[in-house]
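Undergrad: Take a look at the letters that make up each chain.
Number of protein chains: 2
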Amino acid sequence: MSVRVVFLGTGSGKPMAHRGVASLGIFRQGKLYLFDCGEGTQVQLSRSSLRSGALESIFLTHFHGDHVNGLPGFAGSLTLNRREEALGLYGPVGLNQWLKTLRDLHILWPSFPINVHENTKPGVVYEEEDFHIEIAPLRHRIETWGYALVEKPRPGRFDVNAARALGVPSGPMFGKLQRGESVTLEDGRTIAPEDVLGPDRPGLKIAYVSDTSPCDGALQLAEGADLLIHEATYPAGDEKMAHQRGHSTAGDAARCAKKAGAKKLIMTHISQKYLRTDEFVRGARAIFPNSSVAHDLMEYDLTRSDQ
Amino acid sequence: MSVRVVFLGTGSGKPMAHRGVASLGIFRQGKLYLFDCGEGTQVQLSRSSLRSGALESIFLTHFHGDHVNGLPGFAGSLTLNRREEALGLYGPVGLNQWLKTLRDLHILWPSFPINVHENTKPGVVYEEEDFHIEIAPLRHRIETWGYALVEKPRPGRFDVNAARALGVPSGPMFGKLQRGESVTLEDGRTIAPEDVLGPDRPGLKIAYVSDTSPCDGALQLAEGADLLIHEATYPAGDEKMAHQRGHSTAGDAARCAKKAGAKKLIMTHISQKYLRTDEFVRGARAIFPNSSVAHDLMEYDLTRSDQ
Numbered sequence: 060m061s062v063r064v065v066f067l068g069t070g071s072g073k074p075m076a077h078r079g080v081a082s083l084g085i086f087r088q089g090k091l092y093l094f095d096c097g098e099g100t101q102v103q104l105s106r107s108s109l110r111s112g113a114l115e116s117i118f119l120t121h122f123h124g125d126h127v128n129g130l131p132g133f134a135g136s137l138t139l140n141r142r143e144e145a146l147g148l149y150g151p152v153g154l155n156q157w158l159k160t161l162r163d164l165h166i167l168w169p170s171f172p173i174n175v176h177e178n179t180k181p182g183v184v185y186e187e188e189d190f191h192i193e194i195a196p197l198r199h200r201i202e203t204w205g206y207a208l209v210e211k212p213r214p215g216r217f218d219v220n221a222a223r224a225l226g227v228p229s230g231p232m233f234g235k236l237q238r239g240e241s242v243t244l245e246d247g248r249t250i251a252p253e254d255v256l257g258p259d260r261p262g263l264k265i266a267y268v269s270d271t272s273p274c275d276g277a278l279q280l281a282e283g284a285d286l287l288i289h290e291a292t293y294p295a296g297d298e299k300m301a302h303q304r305g306h307s308t309a310g311d312a313a314r315c316a317k318k319a320g321a322k323k324l325i326m327t328h329i330s331q332k333y334l335r336t337d338e339f340v341r342g343a344r345a346i347f348p349n350s351s352v353a354h355d356l357m358e359y360d361l362t363r364s365d366q
Numbered sequence: 060m061s062v063r064v065v066f067l068g069t070g071s072g073k074p075m076a077h078r079g080v081a082s083l084g085i086f087r088q089g090k091l092y093l094f095d096c097g098e099g100t101q102v103q104l105s106r107s108s109l110r111s112g113a114l115e116s117i118f119l120t121h122f123h124g125d126h127v128n129g130l131p132g133f134a135g136s137l138t139l140n141r142r143e144e145a146l147g148l149y150g151p152v153g154l155n156q157w158l159k160t161l162r163d164l165h166i167l168w169p170s171f172p173i174n175v176h177e178n179t180k181p182g183v184v185y186e187e188e189d190f191h192i193e194i195a196p197l198r199h200r201i202e203t204w205g206y207a208l209v210e211k212p213r214p215g216r217f218d219v220n221a222a223r224a225l226g227v228p229s230g231p232m233f234g235k236l237q238r239g240e241s242v243t244l245e246d247g248r249t250i251a252p253e254d255v256l257g258p259d260r261p262g263l264k265i266a267y268v269s270d271t272s273p274c275d276g277a278l279q280l281a282e283g284a285d286l287l288i289h290e291a292t293y294p295a296g297d298e299k300m301a302h303q304r305g306h307s308t309a310g311d312a313a314r315c316a317k318k319a320g321a322k323k324l325i326m327t328h329i330s331q332k333y334l335r336t337d338e339f340v341r342g343a344r345a346i347f348p349n350s351s352v353a354h355d356l357m358e359y360d361l362t363r364s365d366q
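Protein chains in written order, with the numbering used here: chain R, 60 to 366; chain B, 60 to 366.
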């Protein structure tokens with residue numbers, strides 16, 4: 060089972076023809092989770108391999124326009140599509156006020172319920188059977204939250220030979236042990252799952268860290284991530300200016316990936332000043348070799364390493 | 060002197076790759092007047108012959124998302140451009156509430172003053188030395204205003220032969236008569252401007268009528284227009300459904316142009332259901348021959364007929 064990450068908009072500040080503004084789709088088991096929704100997200104999505112009908116929830120990092128201005132139009136289009144299923148909406152305090160004004164003025168009059176969750180403290184905000192989404196505060200000019208999608212570990216591999224050596228007969232007892240239950244043999248001995256299962260197999264972790272200057276919340280979300288998506292508004296060397304503005308450089312993103320033990324870094328939220336990004340890649344790879352820069356509509360598939 | 064009309068978005072409902080949502084630029088003597096600002100307007104503008112630095116004022120017809128969702132992002136980008144000049148913003152009652160919420164949440168924190176005018180009654184809302192913009196109520200599902208840009212008439216042509224025949228000497232007296240002042244000759248006779256000037260030369264009139272089902276306000280704005288830009292969400296024949304939804308067909312738009320004595324009709328706000336518009340053109344031309352359908356980034360120049 061794989062997870063697809065689609066970079067819908069990878070620029071900072073204002074949408075331009077060559078690079079849109081912040082939006083990231085994560086597609087997993089038929090459902091789409093959208094992180095940020097800058098202006099133009101819905102059109103970018105229609106150009107990608109994603110479909111809006113799969114949308115489950117939207118997660119906003121903060122209320123700067125380049126991260127949210129596409130939401131009213133996108134939700135309006137879902138209404139034209141006659142969506143009826145509830146949509147989850149997660150983000151900073153103020154979501155309810157925004158939706159109320161949009162409704163009052165008839166800018167947005169959704170055909171479906173919107174379940175609003177205003178983030179107030181770090182931790183898990185969304186949970187399904189086999190994964191959750193957790194948040195941590197970032198360091199930006201206004202209240203900002205980073206997100207991580209964390210798959211739950213699956214039980215270790217079943218060691219058939221070990222089971223047979225212990226005298227477990229093939230059949231229903233194999234299934235019980237695989238599901239983590241103990242079984243009692245005819246001779247009275249009890250076999251525990253850990254006797255025949257390898258170590259738990261960890262799930263994937265994908266972290267989305269934008270916008271921020273270096274901070275603990277970013278590190279915590281990035282910790283051990285299979286993929287860290289980190290903002291890099293400016294190239295390495297511009298740290299002073301970047302931090303003053305509440306942003307990171309390519310060097311900051313790479314240092315976060317390295318310190319957190321992430322496996323792969325993809326940088327996004329690139330300042331629209333830069334038409335070429337060689338400098339971003341060079342600066343990051345000097346610190347963390349497995350680094351690259353996203354471009355609009357780039358797709359990246361992750362598969363658990365145990366498959 | 061000519062006036063350029065640029066169709067930035069010509070679709071209805073939701074922006075798509077082939078047709079964006081409502082926005083129209085009118086460029087006149089170095090200044091840009093924007094009518095509606097659907098999602099994606101700023102990117103469309105960057106692809107056109109227009110420049111955002113020329114923007115003088117924005118005029119919104121109504122608060123449906125496909126006419127306004129591009130405004131917060133566009134104003135945000137003007138802020139990134141460090142605009143300082145005030146921007147005029149005209150539209151339905153509610154503009155102030157919308158801007159307040161956008162400011163409260165930091166979605167939009169403009170670097171320039173926004174002079175808000177909430178439309179409440181028909182008439183002139185904007186005036187410059189040689190033209191004005193007037194509004195009239197349309198018939199839609201929510202409060203909606205149509206606009207017309209109306210150039211003031213210029214004095215008639217100066218008839219040099221007539222002036223000479225009346226004994227007016229060449230020189231300063233010619234200038235006075237041309238400017239509409241009377242002059243007294245040496246022999247005591249008074250010559251009035253109307254003795255030597257042709258009839259007043261009317262200016263251009265451009266009407267923007269969207270969204271609406273047929274109504275008096277639309278006719279009034281279209282009256283004698285050199286260019287009528289009228290919504291035609293559906294093709295001719297779909298009147299019943301169109302009117303129930305507060306919209307017009309290509310036939311309605313053509314009937315408005317004909318009844319109002321307009322010179323040219325360009326239809327816009329085409330339902331995204333229609334990838335081809337032959338049917339719209341055919342239906343309109345059967346009623347009003349000088350009809351066409353706008354496409355995104357279409358530009359249309361008007362020049363006064365007396366030049």
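Keep in mind the hints are simulated off the structure, nothing from the lab.
One or more of the hints may lead you astray.
Note that identical chains are pooled: a pair holds if it fits in a single copy or bridges any two copies.
Claimed, not checked - Lysine-lysine pairs mimicking DSSO-like chemistry, simulated, CA-CA at most 30 angstroms apart:
| hint | residue 1 | residue 2 |
| --- | --- | --- |
| 1 | K180 | K235 |
| 2 | K322 | K211 |
| 3 | K180 | K159 |
| 4 | K332 | K90 |
| 5 | K90 | K323 |
| 6 | K322 | K159 |
| 7 | K159 | K318 |
| 8 | K235 | K317 |
| 9 | K323 | K159 |
| 10 | K235 | K159 |
| 11 | K299 | K235 |
| 12 | K332 | K299 |
Undergrad: Next, verify each hint and record whether it holds.
TA: Results of checking the hints against the structure:
When the C-alpha separation of K180 and K235 is checked against a cutoff of 30 angstroms, the pair qualifies neither within a copy, at 39 angstroms, nor between copies, at 76 angstroms. Proximity of K322 to K211 under the C-alpha cut-off of 30 angstroms is restricted to the intra-copy arrangement: shortest distance 18 angstroms within a copy versus 68 angstroms between copies. Taking CA atoms no more than 30 angstroms apart as the test, K180 paired with K159 passes in both settings, with 23 angstroms inside one copy and 27 angstroms between copies. In this assembly of identical chains, K332 and K90 lie within 30 angstroms of each other by CA distance solely across copies; the values are 26 angstroms between and 34 angstroms within a copy.
Only within a single protomer do K90 and K323 lie at most 30 angstroms apart by alpha-carbon distance; the minimum there is 23 angstroms, versus 49 angstroms between protomers. Taking identical chains as interchangeable, the C-alpha atoms of K322 and K159 are never at most 30 angstroms apart, the minima being 42 angstroms within one chain and 44 angstroms between chains. Neither within a single protomer nor between protomers do K159 and K318 lie at most 30 angstroms apart by alpha-carbon distance, with minima of 42 angstroms and 42 angstroms respectively. Taking the shortest alpha-carbon separations for K235 and K317, neither the intra-copy value of 40 angstroms nor the inter-copy value of 80 angstroms comes in at or below 30 angstroms.
Taking CA atoms no more than 30 angstroms apart as the test, K323 paired with K159 passes in neither setting, with 40 angstroms inside one copy and 41 angstroms between copies. For the homomeric pair K235 and K159, neither the shortest alpha-carbon distance inside one copy (51 angstroms) nor that between copies (60 angstroms) is at most 30 angstroms. In this assembly of identical chains, the alpha carbons of K299 and K235 never lie at most 30 angstroms apart, being 58 angstroms within a copy and 65 angstroms across copies at closest. Proximity of K332 and K299 under a CA criterion of 30 angstroms is satisfied intra-copy only: 17 angstroms inside one chain copy versus 51 angstroms between copies.
The structure is inconsistent with the numbered hints 1, 6, 7, 8, 9, 10, 11, although it conforms to all the rest.
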